[in-house]
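Asker: Listed below, chain by chain, are the residues.
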Amino acid sequence: EAQVTQNPRYLITVTGKKLTVTCSQNMNHEYMSWYRQDPGLGLRQIYYSMNVEVTDKGDVPEGYKVSRKEKRNFPLILESPSPNQTSLYFCASSLFDNYEQYFGPGTRLTVT
Amino acid sequence: GQQLNQSPQSMFIQEGEDVSMNCTSSSIFNTWLWYKQDPGEGPVLLIALYKAGELTSNGRLTAQFGITRKDSFLNISASIPSDVGIYFCAGRVKTSYDKVIFGPGTSLSVIP
Chain A
1 EAQVTQNPRY LITVTGKKLT VTCSQNMNHE YMSWYRQDPG LGLRQIYYSM NVEVTDKGDV
61 PEGYKVSRKE KRNFPLILES PSPNQTSLYF CASSLFDNYE QYFGPGTRLT VT
Chain B
1001 GQQLNQSPQS MFIQEGEDVS MNCTSSSIFN TWLWYKQDPG EGPVLLIALY KAGELTSNGR
1061 LTAQFGITRK DSFLNISASI PSDVGIYFCA GRVKTSYDKV IFGPGTSLSV IP
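Just so you know, the sequences run in chain order A and B.
In terms of my numbering, the first sequence has 27 at position 27, counting the first letter as 1, and numbering is strictly consecutive.
All you need for my numbering is the position in the second sequence, starting with 1, plus 1000.
Hints in this document: simulated from the structure, not taken from any laboratory.
Honestly, I wouldn't trust all of these hints.
[Unchecked claim] Here chain B is said to cover these stretches of chain A; the calculated rule only asks that three of the stretch's residues, wherever they fall, bring their Cβ under 8 Å from a Cβ of chain B: (1) 37-47; (2) 104-110.
[Unchecked claim] Here are the simulated PhoX-like cross-link-like pairs (lysine-lysine), alpha carbons at most 25 Å apart as the crow flies: (3) A:18 / A:57; (4) A:71 / B:1099; (5) B:1070 / B:1099; (6) B:1099 / A:57; (7) B:1051 / B:1099; (8) A:65 / B:1099; (9) A:71 / B:1094; (10) A:69 / B:1099; (11) A:57 / B:1094; (12) B:1051 / B:1094.
[Stated by the list, open to error] Here are some chain B residues pointing at chain A (derived, C-beta under 10 Å): (13) 1031; (14) 1042; (15) 1098.
Idealized CB from N, CA, C, for every residue including glycine.
Produce the complete structure using the sequences and hints provided.
Answerer: Here it is in structure tokens:
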């Protein structure tokens, strides 16, 4: 089944403790992206990747890192999480940047 | 930067009623997209519009790409309980890549 998977689905952590949210797609898509969803703000793009080893900042990249070492995986890294990074995170992928995006199920992160 | 406004923010309707929601911006977009997010899941694309003036249907859903390219609307006819969710409009604009910008969403509740 074609899908985007994210892990974990739920995470509660403390300020400053490094964490990684994994994202994987099995559709051989070139383009992948991370969004955060906050009430009243919709989805805002954090980082995107056009292909392996090609990543760039979206609209809200501060406090986040990404890597794209393989086509199927696009992990989101929070080196030192802070409470303002408490949010619902979505990974998405598409064949190319101008094609339909498929979203993962989301990761709800709480930083205390 | 580009921003999208959606109205209404939320709506409570009776099963069987028609629903209308819209999305406006001060910026021009070359594609309009409508997504639905079910509780606990990622957004799923409902309708994509590629040309100013285009009117497209998908079952009980109808969406239009505004003539000015700065707005779009989505209608749902004869609502049913499974229409409950958050509806996001999104516009695609060409920057250094094909960037998708999301509106804040319209939350729809259907009373059986």
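Asker: Of the numbered hints stated earlier in the document, which are not met by this structure?
Answerer: The structure breaks none of the hints.
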